[in-house]
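Colleague: Please arrange chain L with the ligands on chain G, whose structure you already have, making use of the hints.
Heads up: the sequence lines are chains G and L, in that order. Mind the numbering: the first sequence is residues 1 to 359 in my numbering, read in order. Mind the numbering: the second sequence is residues 360 to 648 in my numbering, read in order.
Rather than coming from a laboratory, the hints here were simulated on the basis of the structure. Please note: incorrect hints may appear among the correct ones.
[As the list claims (entries may be wrong)] Listed below are the simulated DSS-like cross-link pairs for lysine-lysine, each with C-alpha atoms no more than 25 angstroms apart in a straight line:
| id | chain 1 | residue 1 | chain 2 | residue 2 |
| --- | --- | --- | --- | --- |
| 1 | G | Lys-250 | G | Lys-261 |
| 2 | G | Lys-261 | G | Lys-243 |
| 3 | G | Lys-20 | L | Lys-457 |
| 4 | G | Lys-203 | G | Lys-65 |
| 5 | G | Lys-7 | G | Lys-203 |
| 6 | L | Lys-457 | G | Lys-10 |
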Amino acid sequence: MARVDLKNIKKSYGAVQAVKQADVTFEEGSFTTLLGPSGCGKTTLLRMISGLETPTSGDILVGGKRVNDVPIHKRNLGLVFQNYALFPHRTIGENIAFGLKYRGVSKSDTATKVTEALDIVRLPGVEDRYPTQLSGGQQQRIALARAIVIEPDVLLLDEPLSALDANLREDMRVELKAIQHRIGVTSIFVTHDQSEALAMSDKIIVMSAGRVEQVGAPEEVYNNPASEFVASFLGASNILEAKVISKDAKNIVLDAPHFGKIPVPLAQAQRMGDAPSGKLVIRAEKLRLADKPGDTNTVSANGVVEAVDYQGQIARYFVRVGDIQLQALNMIESRPFAIGAEVSVVLKTADCALLPAGA
Amino acid sequence: MAESKEFDPRPWYLLAPSMLAIIALVVIPMSFILVYSFYENIDLAIDRVAFQFGNWQELLTDSYYHTAIWKTLRLSIIVTVLAAVLGYIPAYFIAMTKYRHKWLLLLLLILPFWVSFIIRTLSWIHIMGNQGAINGILMWLGLTDTPVSMMFNEFAVIVGFIHVFLPYMILNIYVSLEGIDENLEPAARTLGATPWQAFREVTLPLSLPGLAAGSLLVFVLTGGSYVTPLILGGPGDFLFGNLIYDAVVVELNWPMGATLSFTLLVLLGLVVALYSRLMGMNQLSKAFG
Ligand SMILES: Nc1ncnc2c1ncn2[C@@H]1O[C@H](COP(=O)(O)OP(=O)(O)OP(=O)(O)O)[C@@H](O)[C@H]1O
Ligand SMILES: [Mg+2]
Numbered sequence: 001m002a003r004v005d006l007k008n009i010k011k012s013y014g015a016v017q018a019v020k021q022a023d024v025t026f027e028e029g030s031f032t033t034l035l036g037p038s039g040c041g042k043t044t045l046l047r048m049i050s051g052l053e054t055p056t057s058g059d060i061l062v063g064g065k066r067v068n069d070v071p072i073h074k075r076n077l078g079l080v081f082q083n084y085a086l087f088p089h090r091t092i093g094e095n096i097a098f099g100l101k102y103r104g105v106s107k108s109d110t111a112t113k114v115t116e117a118l119d120i121v122r123l124p125g126v127e128d129r130y131p132t133q134l135s136g137g138q139q140q141r142i143a144l145a146r147a148i149v150i151e152p153d154v155l156l157l158d159e160p161l162s163a164l165d166a167n168l169r170e171d172m173r174v175e176l177k178a179i180q181h182r183i184g185v186t187s188i189f190v191t192h193d194q195s196e197a198l199a200m201s202d203k204i205i206v207m208s209a210g211r212v213e214q215v216g217a218p219e220e221v222y223n224n225p226a227s228e229f230v231a232s233f234l235g236a237s238n239i240l241e242a243k244v245i246s247k248d249a250k251n252i253v254l255d256a257p258h259f260g261k262i263p264v265p266l267a268q269a270q271r272m273g274d275a276p277s278g279k280l281v282i283r284a285e286k287l288r289l290a291d292k293p294g295d296t297n298t299v300s301a302n303g304v305v306e307a308v309d310y311q312g313q314i315a316r317y318f319v320r321v322g323d324i325q326l327q328a329l330n331m332i333e334s335r336p337f338a339i340g341a342e343v344s345v346v347l348k349t350a351d352c353a354l355l356p357a358g359a
Numbered sequence: 360m361a362e363s364k365e366f367d368p369r370p371w372y373l374l375a376p377s378m379l380a381i382i383a384l385v386v387i388p389m390s391f392i393l394v395y396s397f398y399e400n401i402d403l404a405i406d407r408v409a410f411q412f413g414n415w416q417e418l419l420t421d422s423y424y425h426t427a428i429w430k431t432l433r434l435s436i437i438v439t440v441l442a443a444v445l446g447y448i449p450a451y452f453i454a455m456t457k458y459r460h461k462w463l464l465l466l467l468l469i470l471p472f473w474v475s476f477i478i479r480t481l482s483w484i485h486i487m488g489n490q491g492a493i494n495g496i497l498m499w500l501g502l503t504d505t506p507v508s509m510m511f512n513e514f515a516v517i518v519g520f521i522h523v524f525l526p527y528m529i530l531n532i533y534v535s536l537e538g539i540d541e542n543l544e545p546a547a548r549t550l551g552a553t554p555w556q557a558f559r560e561v562t563l564p565l566s567l568p569g570l571a572a573g574s575l576l577v578f579v580l581t582g583g584s585y586v587t588p589l590i591l592g593g594p595g596d597f598l599f600g601n602l603i604y605d606a607v608v609v610e611l612n613w614p615m616g617a618t619l620s621f622t623l624l625v626l627l628g629l630v631v632a633l634y635s636r637l638m639g640m641n642q643l644s645k646a647f648g
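Chain G extracted, bound-state conformation:
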């Protein structure tokens, strides 16, 4: 177990800047997620930590020691690949024992450790089978067992769940988190699935186009996004351009289209500074549709329901408010609003975040 520090890491492939700048810390024993859209450099970052790629510049520290020049096989990191990468010509037992061979583990200890690892991933007794004789989810567990049996300093997981179907993915994510919690290994998990990131992480690192956009706990990243990119990447958000009218000790008062004056508490506007205008970020689930305007501490606008995406307990509404369309994700109390219904779109002023115009 060890902490990992990336200091000013950059990586280019020829003219392509895969990682433009990364300065992050992965705390000892924590579960950190690298989250971002396809091609933003997550895999590249992970491969640099594992040693499979060399950074163009910057330092990688594992347990406080610079490892840039340590060859891959001496780094003692467990890497789980998206496509499992099990050795097809070896049995499950041999696959798991592969890393132990190079660590001078005796034959009898190897057998014990393999059995233990299979117990941890809840697949006892499959030692003698071959990888192709297991299902995708089972193969994924074996890949995990193979990586943790060597007691790595850091466990690196590159979208380990993305090849599984939706149900299995949710089961596996609970299980993976439980296993990580039990063995307490520092884990770095790559995904482009925001719900996976929110559900599993101690800390989320949101990346975009080779840069770190925001680092923080899941609630923080979700509720207090540092940029419009983060706001729209994690969950559905409505973004309203708004002008600052005035500012007092508690609120920044905005003039937003259709809603009129909105007093935003300063706590929600920390990134604003003295900017004259900003972007109001409103989560879809924080916009409430109602028959009549809301009471104090809320602001309202009139709209017409344009589309309804019915999901059982909840519904996603697309509401036309003047020249803009807003998204609202609401619990259905009795019946969902119908298409064409005239509604009030109600927003609690404490429920939005304000970003300066350029963010």
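Modeller: For chain L with the ligands alone, kept in the frame of chain G given last:
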């Protein structure tokens, strides 16, 4: 389950054209050759229709033929092993390179096939001959006064064979390397294997089918050759194929030529059959199971 046991004729429809071609172009001609091997040669190009075992008896008793079989076996093994070693390296390089124009490298491999194999073989005379490029350079550098003799011996024959057959080996190994998941070697490396260990434990065993197929091909091609020793070898560097050539073209003894041809076919066929068994490449029964 019961259904799968019933006779399903569909595979045979698809196989029929090639089966017919094989029967017309291989089985029937080879049967003629077998029949011819019982004829009796009386004088140059004069044969008597007969059913006698004189040719076969000569083959079994004359040690000249046995020597040729051993020579052929020995040379085929040498060429195969050298081609396997020399072919693996470029195959590995082509399979692993990140170079964007990989097809160009593959094209370079196939390019030599556009030039006649005889011309390619003859070219070695200009490289290794007494007036060839190598001796020219050596003498120009003053390293030797008299040309070093490299031609018309077994070494030249081996060089010629490798030159001509190496692409077959490389392509077979390449195809098999190309099919290996590119994450397997990195996975082995992160688990603690050095680059060499990762190669030996993962890539090499997984590329064995291609290596085996390439080796079989080169072995059979070498075993059946006669042109390369004719051009590049000395008087003693003959293969079994050269005996056939001599019998048919020089001595005009077709019955003996037929006997020898049939023998070579059976010997190489045996090698293929044994080898397929050993390497588990005989998947035919599974495919139809
Ligand atoms: N070997 C390489 N050569 C050239 N460019 C590369 C190489 N590997 C990655 N890149 C580029 O670097 C960028 C980041 O790639 P990376 O694989 O890290 O993305 P990612 O965030 O893991 O995406 P995904 O979610 O699709 O896996 C991409 O633009 C990619 O095209
Ligand atoms: Mg990736």
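Colleague: If a hint holds in the structure, say so; if it does not, say that too.
Modeller: The hints, checked one at a time:
no. : hint                  : result
1   : Lys-250/G x Lys-261/G : holds (15 angstroms)
2   : Lys-261/G x Lys-243/G : holds (10 angstroms)
3   : Lys-20/G x Lys-457/L  : holds (22 angstroms)
4   : Lys-203/G x Lys-65/G  : holds (22 angstroms)
5   : Lys-7/G x Lys-203/G   : holds (18 angstroms)
6   : Lys-457/L x Lys-10/G  : holds (21 angstroms)
The structure fails none of the hints (numbered hints given earlier).
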